[in-house]
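Line by line, the protein sequences give chains A and B.
Position one of the first sequence corresponds to residue 64 (the working numbering), numbered consecutively onward.
Position one of the second sequence corresponds to residue 64 (the working numbering), numbered consecutively onward.
One or more of the hints may lead you astray.
All copies of an identical chain are treated as equivalent in the list; a pair is satisfied when it fits inside any one copy or across any two copies.
[Claimed, not checked] Straight-line alpha carbon distances no greater than 27 Å define the calculated BS3-like cross-link-like pairs of lysine-lysine that follow:
no.: 1; residue 1: 213; residue 2: 514
no.: 2; residue 1: 313; residue 2: 443
no.: 3; residue 1: 224; residue 2: 170
no.: 4; residue 1: 130; residue 2: 182
no.: 5; residue 1: 213; residue 2: 320
no.: 6; residue 1: 358; residue 2: 127
no.: 7; residue 1: 446; residue 2: 517
no.: 8; residue 1: 224; residue 2: 188
no.: 9; residue 1: 471; residue 2: 224
no.: 10; residue 1: 310; residue 2: 443
no.: 11; residue 1: 513; residue 2: 213
no.: 12; residue 1: 363; residue 2: 127
no.: 13; residue 1: 224; residue 2: 496
no.: 14; residue 1: 224; residue 2: 514
Keep in mind the hints are simulated off the structure, nothing from the lab.
Number of protein chains: 2
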Amino acid sequence: MNWLRPLAAGGCRVTFGGQHLTPSWARRAFAAHPQNQVAEGVVKLQQPKAQLGTDEGKKNFILKPPKGTRDYSPKQMAIRERVFNTIISCFKRHGAEVIDTPVFELKETLMGKYGEDSKLIYDLKDQGGELLSLRYDLTVPFARYLAMNKITNIKRYHIAKVYRRDNPAMTRGRYREFYQCDFDIAGHFDPMIPDAECLKIVHEILSVLQLGDFLIKVNDRRILNGVFAVCGIPDSLFHSTCSTVDKLNKATWEDVKNEMVGEKGLSPEAADRIGEYVRLHGGLGLIEQLDQDPKLSQNKLAREGLGDMKLLFEYLTLFGIADKISFDLSLARGLDYYTGVIYEAVVLQPLNAHREEPVSMGSVAGGGRYDKLVGMFDPKGRKVPCVGVSIGIERLFSIMEQEVEASKEKIRTTETQVLVATPQKNFLDVKLKLISELWDSGIKAEMLYKKNPKLLNQLQYCEDTGIPLTAIIGEQELKDGVVKLRVVASREEVNIPREKLAEEIRRRLES
Amino acid sequence: MNWLRPLAAGGCRVTFGGQHLTPSWARRAFAAHPQNQVAEGVVKLQQPKAQLGTDEGKKNFILKPPKGTRDYSPKQMAIRERVFNTIISCFKRHGAEVIDTPVFELKETLMGKYGEDSKLIYDLKDQGGELLSLRYDLTVPFARYLAMNKITNIKRYHIAKVYRRDNPAMTRGRYREFYQCDFDIAGHFDPMIPDAECLKIVHEILSVLQLGDFLIKVNDRRILNGVFAVCGIPDSLFHSTCSTVDKLNKATWEDVKNEMVGEKGLSPEAADRIGEYVRLHGGLGLIEQLDQDPKLSQNKLAREGLGDMKLLFEYLTLFGIADKISFDLSLARGLDYYTGVIYEAVVLQPLNAHREEPVSMGSVAGGGRYDKLVGMFDPKGRKVPCVGVSIGIERLFSIMEQEVEASKEKIRTTETQVLVATPQKNFLDVKLKLISELWDSGIKAEMLYKKNPKLLNQLQYCEDTGIPLTAIIGEQELKDGVVKLRVVASREEVNIPREKLAEEIRRRLES
């Protein structure tokens, strides 16, 4: 057995880069805990109908969580906490504060921010009082918070669930309730310095998690705007054309062109002109090439965007991460509020010995610059430039859960250090007193909730749940003022003076 | 300045009891961070009307979070995370696993569980598909989870927000969106052992937080049932009479009696008979007295309840916490699902040098035994006995926030260890390369997002935000392959070889 010891949350130091790489999640693999009766893996949505036995009348109903949502079992939570710890450590390493906002907002707060995606917002029932909606992302609530508190300068993270009435695809990590882990920098600063840091953060997190090779696609809304302008697309069609272009990573160019012409009302010629640009991707060379493009170089916004893109690549080179970045003109991002650089990270080949079929992975992180969103909330329209990134946790979980499914090893779901046990009958009061002393000394301790459990059952419980030590107290030990400390793995037993027990447990588990 | 260093989350060891008491939050006091422009304290709900500058038409609307909800600023989050860490450490010390469930449930899942309080449930709008409601507590989702996964044995905690369309009283910590921290033990065990552990947990958490003296009131639904029966109250009025009795801690006996007679339809004589019982409170002596009560001792349920109550006090005495426990017959708890022992903790005199007026504190924790709730969900009605406790975080926050308001000291909202700075112009590329090296070595580092900030501004930023070290690199240092490490507090400066910088920073901050 290879029990994994839980990480200290939040404050733990993660060293990576070069030869100091944190051991990979992809290499650590876990198997289902035999004693853990929680259903693991993909939640079974189709449960048999259950009879509700309330006093208020029996009804047929389905016993399940709502469509597109899931419960997390203790083993899944252990995985989730590790991913969160990796991400939070990274955000804290970059000096971020943390905030929280309510799960719902005034409906008006969310209106006019998401373009076509607004139809996916969950509304609350009008039960009198304010009209409310569940948050769709953490960005709009952040902008509302900044405007409300007149904050013009902050670097914060926010990890919370968001809600979208989308078509769920749960095996691929697409849910209606899912976590976003957002890091944003707000304030008037010199160009591209905070933007480059956001990309560095994505690079750090995906490197530490080691889910396989990854690529961060980068583009700029101003460059797209210039492209659309030189292709003859009116400004009024900018946002909806962005939404269509953004589908290029999932659909063929033919399908995207058909939507542009058939649904968005572009001419086939304009669509073809766009097609010639948005299929380009590369690095500094492509930036230079577009800078020389006779049409595009005439467009003011495109020139600004290309200038900043060059600067961004310069900074990313200093950070040593430019090789993972692709300037990709097909990247458009669906949401309306972006105004400058945009980016999206994709995992290329999930690296995993246990996985037989490659997992279809979408984007695992995305974000960009939104300089006008706070101004939409400010009474005087004052702008606070912002740039940020959102890490999409559920897809990362999906990969890791499959590793757990496939692996042969165990995962601990508690941190219990010692089980208080006895071979004696009618020793409940002695056990209760001893465990109470251990708790009060800060030791993580359990006992079986039976008056007279068999010693074998008590020892078996340690084996099953990975508790490393057993503190055994019988009549002789009680008389001698000692406790027999048993190491579960080696079966070694040693008598410890009772008043030194907590210290001894701590000493043994620290080494 | 007395910068508080953030605790390591989750895994941190808390020692308490005897002379090893963790330093008190009540004694540690914090002042508003001057640089932190986030509005602290009570959220101002009445903001001036703001003009929404969207492309889709301007509207008047109020810039605020929904009624009864609040944002958490970085300083408030720092307080919140410490309370959570205390609670999570305690739950883990008692061997609990952790689960999570969705924020909403099928409306049917919540129906028939909360009695009169059902009217406070938030429903989602019917936008097609399932009818959903926001969770009202974490207990019913837990029972649904157990039944759905056929789990008959688990000890778990769950910390999450719940939702109640109640009348908010935000300065007293009553919100419409608020956290519950739940610890529950499910399974068939010998009587009162898990129940006693739940009370031990409440005692540990309130002791570590040191918010002042506290009392844990205990009662049993079976004893109440017996009391009502011998007073001539029909079974059909049990739940609604419980709801009324439960108001005794806020209302006078006269008011409670009036509600019993006027609204609930009890006779004045029956109400008076109840009044003689429910105003009793005490310890073991009261249990013995009721055991001898000629009427009550004839009632089977009451006898069972009194027997278990005696056992509970025995175990609590072994835990050394019986002096904080009061057997109180007025405690009834509003919710329908309790079947046995029930309890509620109240803070008696908030201990705080900075607070001038005593804060009106309600219950800060509550819970009890609910042996039939899982059976309500199980297709075959199989019961899984459960007992649990819920810690009400918001009231604890309220007290701590007032301390922060009143105090003169500072609270750090980031964990940044070092600021990368330069006295040189046009040294942005050098700073970017250095900070990147530090991040990759796991050091928490920041820099100002300006091309050419003044050195004084860089040093001032450290003073303002509590960053303990500055890593200064100029032309000379660059040439010599060193970095000048400055201790902000002492202004001591020392040159460190660049490749040893991360190690040196770590060494200095660990001591």
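For residue 224 vs residue 514, is the C-alpha pair at or below 27 Å within one copy, between two copies, both, or neither?
For residue 224 and residue 514, neither the intra-copy (43 Å) nor the inter-copy (36 Å) Cα distance is at most 27 Å.
Within, between, both or neither: how does the pair residue 213, residue 514 come out at a Cα-Cα threshold of 27 Å?
Between copies only: 25 Å across chains, 61 Å inside a chain, cut-off 27 Å.
Have a look at residue 213 and residue 320 and pick one of within, between, both or neither, based on CA distance no larger than 27 Å.
neither (43 Å within a copy, 51 Å between copies)
Could you place residue 446 and residue 517 in one of the four classes (within, between, both, neither) given a Cα distance threshold of 27 Å?
between (69 Å within a copy, 25 Å between copies)
Treating 27 Å as the Cα threshold, decide for residue 224 and residue 170: within, between, both or neither.
For residue 224 and residue 170, the Cα distance is within 27 Å both inside one copy (17 Å) and across copies (20 Å).
Within a copy, between copies, both or neither: which one fits residue 224 and residue 188 at a CA-CA cutoff of 27 Å?
both (20 Å within a copy, 19 Å between copies)
As a check of your reading, is residue 313 near residue 443 (CA-CA no more than 27 Å) within one copy, between copies, both or neither?
Classified as neither; 41 Å inside a copy, 46 Å across copies.
Since the copies are identical, ignore which copy is meant and state whether residue 471 and residue 224 lie within 27 Å (CA to CA) inside a copy, between copies, both or neither.
neither (31 Å within a copy, 35 Å between copies)
Regarding residue 363 and residue 127, is the shortest C-alpha distance of 27 Å or less found within a copy, between copies, in both, or in neither?
neither (55 Å within a copy, 38 Å between copies)
Within, between, both or neither, where residue 513 and residue 213 count as close if Cα-Cα is 27 Å or less
Between copies only: 22 Å across, 58 Å inside.
Cα distance capped at 27 Å. Does residue 310 pair with residue 443 within a copy, between copies, both, or neither?
neither (36 Å within a copy, 48 Å between copies)
Could you figure out if residue 130 and residue 182 sit no more than 27 Å apart (CA to CA) within one copy, between two copies, both or neither?
both (17 Å within a copy, 24 Å between copies)
Checked against the numbered hints given earlier, this structure breaks hints 2, 5, 6, 9, 10, 12, 13, 14; the rest are met.
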